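Asks: When you get a sec, could you build the whole thing from the sequences and use the hints?
There are 2 protein chains.
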Amino acid sequence: MSIAATLESSVQVASLHWPRGYSSAVGAAAIKKAGRDDLALLYIPEGAVAAAIFTRNIFAAAPIELSRRHLKISRGHASALLLNSGCANAATGPRGLANAQECVDIVALALGCAVESVLVNSTGVIGVQLPMERIAPEIPHVVQRLAVATPLEVTERDPEALEPFARAIMTTDTTPKMSSRTIVCHGRTIRVSGVAKGAGMIRPDMATMISVIATDAAVDAPTLDRILRHAADASFHRISIDGDTSTNDSVFAFANGAAGMCDETLLAQAFREVACDLARRIVCDGEGFERSLRVRVCGAATRADALQVAQTVAMSLLVRTAITGGDPNWGRIIAAAGRAGVPFHANDLQLRVGDILIFADGEPVVADKAAVRAAFNGHHVEIAISLRRASDAHGDSATESYDASLTSDEFLSCGLTTEYVRINADYTT
Amino acid sequence: MSIAATLESSVQVASLHWPRGYSSAVGAAAIKKAGRDDLALLYIPEGAVAAAIFTRNIFAAAPIELSRRHLKISRGHASALLLNSGCANAATGPRGLANAQECVDIVALALGCAVESVLVNSTGVIGVQLPMERIAPEIPHVVQRLAVATPLEVTERDPEALEPFARAIMTTDTTPKMSSRTIVCHGRTIRVSGVAKGAGMIRPDMATMISVIATDAAVDAPTLDRILRHAADASFHRISIDGDTSTNDSVFAFANGAAGMCDETLLAQAFREVACDLARRIVCDGEGFERSLRVRVCGAATRADALQVAQTVAMSLLVRTAITGGDPNWGRIIAAAGRAGVPFHANDLQLRVGDILIFADGEPVVADKAAVRAAFNGHHVEIAISLRRASDAHGDSATESYDASLTSDEFLSCGLTTEYVRINADYTT
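Chain order of the listed sequences is A and B.
Take 33 as the starting number for the first sequence in the numbering used here and just add one per residue.
Take 33 as the starting number for the second sequence in the numbering used here and just add one per residue.
Below, a list of computed lysine-lysine pairs in the DSBU-like style, where the Cα atoms sit at most 35 Å apart: (1) K64/A <-> K401/B; (2) K65/A <-> K401/B; (3) K64/B <-> K104/B; (4) K64/A <-> K104/A.
Far from chain B, some chain A residues (derived; all Cβ distances over 12 Å): (5) A62; (6) D190; (7) A193; (8) P196; (9) G219; (10) P254; (11) G289.
No lab work stands behind these hints, which were simulated from the structure alone.
Quantities reported herein were computed from a predicted structural model and do not represent experimental measurements.
In this text, a Cβ means the ideal position worked out from N, Cα and C, and glycines have one as well.
Replies: Quick look at the structure:
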């Protein structure tokens, strides 16, 4: 359940490659800036079962609209995914849709696959048209770079390596985000690999984040969809950088079956681990990131209540600025909990920061000031809130009941910094 | 309806004094810092009808709890209000409540009035006890400073002047906030005067803002309550600095009847104008304030939908940082509107910034880039969103239908600045 879930023996961290039967290539079309890779193509020659989660924003971008349509027509199958950074192709009207269509057409023609088997998305500034005069001629070059996979040989241009792909979709990200797991199941080795871009605009129900998670396991489309939603719920839906939700959010999942069948529970676990790992990397590369923040809430009436309190605290600007300052201003934490719209008794709330009990029975607990200050000053700040008195619970401390997942949840965020404001005050210019 | 409501002839801007039959005094108890006024007492010798709106935060501060109780016991009557800055007396348990009670007892004893006729509130850091050893001896000095009113004589220590009171309740505010109106009604002159403190933590349903609005009109308690709620709804509930809601929010209203009866409509208008004026001053003194931002939304299915869209846009961190940077990144505005949870068709939305039509029919309108940049670069940025095509409306432009208040609303905010983060990253230390 936890973003920092511990690894079980059958699911292992793996090298940063695509699974069997996937290859990728990148290209530079000078979409926003010349000289950097801004086109990324993932190709699955034998095709794959595909699932996706898209933004719920009314201004869903043109490529999102097209990908939704293609997944519907193909009933959850795909052969390729084209992503670009530097321009979101959102709020761009009929011309934006025509441009997305043209990108897809060029990919399908170059690869010799059905148009409906090509998915597409974009990330970058909203309300600007794609520079098709530079993108259109570059796509065939990207396709040419897709070589036959050379397993185990890792170079920067290795078509099986995740890194070039992860780099080409970066916007304000400072590092590429990748994660990979292997599962040994019935003597076969199955791989689950993912990349993501994030940085700003991340929030429950996602935001300008794009993630691609691929496996060589064999599963049907409804199963892949279920596994993807479960993984996203435990990861991307529990992080926030700035509370905004973009026009281009998407998580794509592919399963091409090249490695054969896999136990669903293990596969789901590997997906969840990859997604949680990517989500954590997104938060820790949030715009202007200095410190991460995890808020865990237990003892709520329902899990939804626990999430609501965790999210309200984790997204409070006053809490997030205090975290940046290493300021032990814990009053802001309980004030945020108290306005979350979730009913509880003020005297029942217990607050811990790190290992220090700070507030209980409606008043501050006398604690070692230096220890409190230290708890607020780490690279990662851990806030634990119990909404139920210890005596009412089975255990005797707030931390013991976190596994009671029906009444607890958590949310990951980061300190709000002057650098965040600086980056975002001057993005288009 | 508008925060910038135009004045009607019968309600006039007036000098910054309390109405007849009110006097105030301040004192310095070194609550947070020595040498500045941090106690403010408002006294109504003949007593007044009283109404109040308090925070809905579960961690409502001890003085809020006490004031609520007193208003209930007195059935909406009061003789005095004691406020302090420098310490919120929130999350302070039984000792916090006892301290608030002691403050009230000292005031009642010194003034010779019933304990239940004294209201109280505090503002400042949460989770710290009031320094009663300094506050208790200072309160009688404050009471001694309440002189008999000397009408028309304005000095800094004038007991009828609003300014010393407004200054003593400031926390991170940089200027005192005051507003006053007179109404001529049936040949009598009625006054409505208000003060406020704000700065951070302001949001719908208020936040660490305290406001006091007093009139010498004669009204009963239910009428005063109705007038106050109406005024707060048009003002304090439509502004935001950082989206947080504090433990100490409150708006107090008093009516002592010293000037006689007043037409309710005119009185409500004067209250609304004073409240809107104070709300605007709060936003323009938001922590790290550089630019204010008004979002007006029309053409929604309901007024609540219009408010929801206006508030989502006005509170979006990405919009607010773009405003700070004077960055014409209007895509963030429509992206925020599109995630507000209010249904509309993407092709129907029209966006204007200042006078410039930026987006319509699902795509950017080709506009003069210099003009767009200028619209984003003022001291005040005006965003107008219509959710209904002009052809469906009576008028032919987005701006014409704003008076259709059943489907339109507005929200006031400000750019998010590096200075805001700096102030809040280091508040307790």
